[in-house]
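Participant: Let chain A serve as the given structure and place chain B on it in line with the hints.
Chains as they are written, first to last, in our numbering: chain A, 10 to 236; chain B, 4 to 411.
Read the hints as simulated data drawn from the structure, not as lab findings.
Since this is a predicted model, take the numbers as computed values, not measurements.
Wrong hints could be hidden among the right ones.
To be verified - Chain B stretches covered by chain A per the calculated footprint, using a threshold of three residues with CB under 8 Å from any CB of chain A:
#, region
1, 44–53
2, 302–308
Stated by the list, open to error - Derived pair list, reagent style PhoX-like, types lysine-lysine, alpha-carbon separation capped at 25 Å:
#, chain 1, residue 1, chain 2, residue 2
3, A, K84, B, K398
4, A, K132, A, K41
5, A, K82, B, K403
Claimed, not checked - To spell it out: a stretch of chain A is covered by chain B in this simulated footprint if at least three of its residues, at any positions, have a beta carbon under 8 Å from a beta carbon of chain B; those stretches are:
#, region
6, 51–65
7, 85–93
8, 99–107
Where is the CB? At the ideal position from N, CA and C, for every residue including glycine.
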Amino acid sequence: MTIVECRNVKKIYRQGEVSVTALDGVDLSIVKGDFMALAGPSGSGKTTLLNMIGGLDSPDGGSILLNGQALEKMKPSQLADMRLHQVGFVFQSYNLIPVLSAVENVEFVMLLQGMPLQERRRKALAILDDVGLAGKYGRRPAELSGGQQQRVAVARAIVGAPAIVLADEPTANLDSASGKDLLKLMQEMNESKKVTFIFSTHDKMVMEYARRLTLIRDGRIVEDRRK
Amino acid sequence: MNFIMAWRNIWRHPRRSILTIAAIVFATMLLVFMLSWQFGAYDTMIDATVKIHTGHIQIQAQGYQDQRDMRKVVPDPNEIERILTSLRGVKSYTFRAEDFSLVSSENRTYGVLVIGIDPQKEPSVSTLEDMIRRGRFLEAGDRRSALAGEILADNLNSPVGGDLVLLGQGRDGSIAATVLTIKGIFNTGQDEFDRTMIHIPLEYFQELYNMRGAVHMAVVLCDSLTAVPAVKERIAGALSGIDSSLAVLDWKELNPGLVQAIQMDLVSGFIFYLILIIVVAFSIMNTFLMAVFERTREFGVMMSMGMGPGRLMGLLLMESLGITLIGVVIGTIAGAAVTWYFQIHGMVIPGAEEVARQFGLPERMFPQLSFLSIAVGAGIVLILTVLSALYPAFKVKGLKPVEALSAV
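Next comes chain A alone, as it looks inside the complex:
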């Protein structure tokens, strides 16, 4: 089942008189359960493509369908609603909300979804247990290690049961052991909960773990293969 369909997606950044083509006619299909690495050198367009798929940015040409809905036709409020229910994000620098504890960070998405307090607290605690953070529920981000923060970020990304999780270089700020643990965790979530993951990365370890590897260079998909 296709979750994401990119058709001839183009994006050009303009800064004064200089134009930079970030995406140059990308065609890509992502199916449910994919565990996919979007790899390429810096400036190749990985993050831009991820932002487009997540509805954070809009293409200058082409179309992106998420569960059959064209993102470029949506209003900002509809895009926000779509992100709330269908997309989870994991960022390179964790980006947890510093004033909230681990469990509150995880709860936050469910709060936005309008879930009652008791139910969201129960789910948040359960998922923190799943990602190996039992007993660390009340810690603020500053009291957690980088690896632990990224686990909270993963828990936050998947707790709202999104159609797809977009992870922008999730291991870039982690040491190799923590990075490996995180990848194992995401792999487990992919297999047990059927969560679809797309990573942008140039980390070889991530590419090794991925079951689908898509290479992008100068805004174009140059290779797309399943292992």
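Facilitator: Chain B in isolation, oriented as in the chain A frame:
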């Protein structure tokens, strides 16, 4: 959780928040105290003016207030007395008659306002008796007796017991001439009164000026200042069926200068307060603009998770309302406490004694804490500071997620 987030965000930079709250506390405190001070001063000024001379309400002939014509009289004071005796809200009343005349001592002559007063009723309406500095107040049965203002007595070089020759014109155009003995010298603190007035017994005035039992005004003191409008209405209602030639005037109509002075003081006060609050509002705006700039990336993360711009704006407004409420509540309590202290003990402003004397005010002034003086100050600070937080909040509303996420 929104509330928890807002609360924790307020204390994310404690020093900055405390400084902002301190500015709000200071502004609120100052407003509560200053407004109470102003309202207290106005009450004192009104009370002083009313009790020195005009009373709360006067019943006069139509047009007498604008043109002091000797012949515009209240012809039947007994009828008015019957009405006032039975009227609710009337604390006391008296009758007066007055005319401009010449008074002379041995070698000096001055134009003065001669006022006929009832020696028994006058003390229940005015503070004139308390202002006698030398000699005594008028008594029942006194005839050719006068109370002179201190400055006038000095100008005439006439002490208590001295004689004054009075020359005026009666109601019927006849000459009113007599010799008066100064029984007492008063000092109201208001130079104009003390320089230009003498008081004589009302009965003798009516005889001297051939008033044929008439007076120029009935002066009424009400139970309180707030009771004045209702009492005025009742008097006007009672008079309407009896004598349409009479007018009922309240203290505002009798003292237009005082009302204007209060209005001007209020306006200038509000301009000062507005400037103060605008400075505080800019401080709040600065705090929240800083927060927006510092937390742009965080807002981007929240937006990426599906938080709509309206909800994000709501979070920021909740934070600003939180800071403002803390400041306003502390400021109001502190302002009320300080005001309460001075309301009990009073306050002397060094160097302002002369000005106070000119307005008939006591040296020691007392602020008047009221719901209005608290609510107006606190309300203005609350509204303006929340309004000042709208700009940063709207700035957040215009953020694009991808740009916010790339903010440093």
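Participant: Indicate, hint by hint, whether the structure satisfies it.
Facilitator: Each hint tested on the structure:
For the region 44–53 of chain B, the assignment as covered by chain A is violated, since 0 residues bring a beta-carbon within under 8 Å of that chain's beta-carbons and 3 are needed. Residues of the region 302–308 of chain B lying with their CB closer than 8 Å to a CB of chain A number 5, which satisfies the three-residue condition for coverage. The suggested pairing of K84 of chain A with K398 of chain B holds, with an alpha-carbon distance near 19 Å, which does not exceed 25 Å. A C-alpha spacing of about 23 Å is found between K132 of chain A and K41 of chain A, which places the hinted pair at or below 25 Å, so the restraint holds.
For the hint pairing K82 of chain A with K403 of chain B, the CA-to-CA distance comes to about 16 Å; that is within 25 Å, so the pair holds. Counting residues of the region 51–65 of chain A whose CB falls under 8 Å from any CB of chain B gives 3; the rule of at least 3 is met. Under the rule that three or more residues need a Cβ within less than 8 Å of chain B, the assignment of the region 85–93 of chain A holds, with 7 such residues. By the rule of at least three residues with a Cβ nearer than 8 Å to a Cβ of chain B, the coverage given for the region 99–107 of chain A holds, with 4 such residues.
The structure does not agree with numbered hint 1 stated previously, though it agrees with all others.
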